[in-house]
Amino acid sequence: GAGVSQSPSNKVTEKGKDVELRCDPISGHTALYWYRQSLGQGLEFLIYFQGNSAPDKSGLPSDRFSAERTGGSVSTLTIQRTQQEDSAVYLCASSLFSLGVYNEQFFGPGTRLTVL
Amino acid sequence: QKEVEQNSGPLSVPEGAIASLNCTYSDRGSQSFFWYRQYSGKSPELIMSIYSNGDKEDGRFTAQLNKASQYVSLLIRDSQPSDSATYLCAVNQPRSGGFKTIFGAGTRLFVKA
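Just so you know, the sequences run in chain order A and B.
The working numbering puts the first sequence at residues 418 to 533.
The working numbering puts the second sequence at residues 75 to 187.
Treat the hints as calculated values from the structure; they're not laboratory data.
This one's a predicted model, so the numbers in the text were calculated from it and none came from an experiment.
Please note that a few of the clues may not be correct.
Calculated lysine-lysine pairs in the DSSO-like style (CA-CA distance at most 27 Å, straight line) [to be verified]:
1. 428(A) - 116(B)
2. 186(B) - 76(B)
3. 474(A) - 434(A)
4. 432(A) - 116(B)
5. 428(A) - 474(A)
6. 130(B) - 141(B)
7. 174(B) - 474(A)
8. 432(A) - 474(A)
9. 141(B) - 186(B)
10. 76(B) - 141(B)
11. 116(B) - 474(A)
12. 76(B) - 130(B)
13. 116(B) - 130(B)
14. 186(B) - 474(A)
15. 116(B) - 174(B)
Work the whole structure out from these sequences, hints included.
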């Protein structure tokens, strides 16, 4: 079956513009995660969604960042008034959730965001 | 103390040697442990998962879990240059209402031909 897909694969924007990044998880995966990875750095957790529960937004770096997940499937990460420090690869992952435990995550190819 | 700690490396081993990657975690209630491999410019991909104490082998890879000592390791036998990558340890740690997956910062591995 299809894996996690993300779009666009690359996004170049000007400082101050808003951007939307999209993630399509694996069908049937109820958990969805967003991470950010700057060049040469580790994964920075941003937000995760599990079913109909309130999302864990504890990793969002500022109120310019928001995310939503519609219908328990597709998710959109929105960055308002982008800054140069927002330049990074944004990764989405999904996993099954059973018995209160998250299983292994499957990652999408990422969106490389460049803010000029 | 970080929740999941890994030596950042780089760890350099000659081709054919055993590479040993280690990870420690802070919460004794942790369950479900994962190793991911990330090539430069690519997304992480799962290579091993382990859920109970002991060893789990899959081809050239062996994951080892010791919950009493709160560490999990990954051994790569007969290391190949194609194994050169960053290896991420991930741990499910308890949170209110369930668990949350926490990633380590990763260890860079270089296998010299």
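Is residue 432(A) within 27 Å of residue 116(B), Cα to Cα?
-> Holds, at roughly 26 Å.
Going straight from one Cα to the other, do residue 130(B) and residue 141(B) come out at no more than 27 Å?
-> 14 Å, holds
Taking 27 Å as the top limit, are the C-alpha atoms of residue 474(A) and residue 434(A) close enough?
-> Judged against 27 Å, a Cα distance of about 22 Å means the pair holds.
Is residue 174(B) close enough to residue 474(A), meaning Cα to Cα at most 27 Å?
-> 12 Å, holds
Is the straight-line distance between the alpha-carbon of residue 116(B) and that of residue 474(A) 27 Å or less?
-> Cα-Cα ~25 Å, so holds.
Distance restraint between residue 428(A) and residue 116(B), which requires alpha-carbon spacing of 27 Å or less = Roughly 17 Å separates the two Cα atoms, so the pair holds.
Given hint residue 76(B) paired with residue 186(B) - CA-CA distance at most 27 Å | 31 Å, violated
Please work out if residue 428(A) and residue 474(A) have their alpha carbons no farther apart than 27 Å.
-> Roughly 23 Å separates the two Cα atoms, so the pair holds.
Taken at face value, is the distance from the CA of residue 474(A) to the CA of residue 432(A) at most 27 Å?
-> This hinted pair holds, its Cα atoms lying about 24 Å apart.
Straight-line Cα separation of residue 116(B) and residue 174(B) no greater than 27 Å?
-> 24 Å, holds
27 Å limit on alpha-carbon distance, applied to hinted pair residue 116(B) and residue 130(B) | It holds: about 26 Å lies between the C-alpha atoms, which stays within 27 Å.
Are residue 141(B) and residue 186(B) close enough, with their CA atoms no more than 27 Å apart?
-> 33 Å, violated
Of the numbered hints listed earlier, those contradicted by the structure are 2, 9 and 14.
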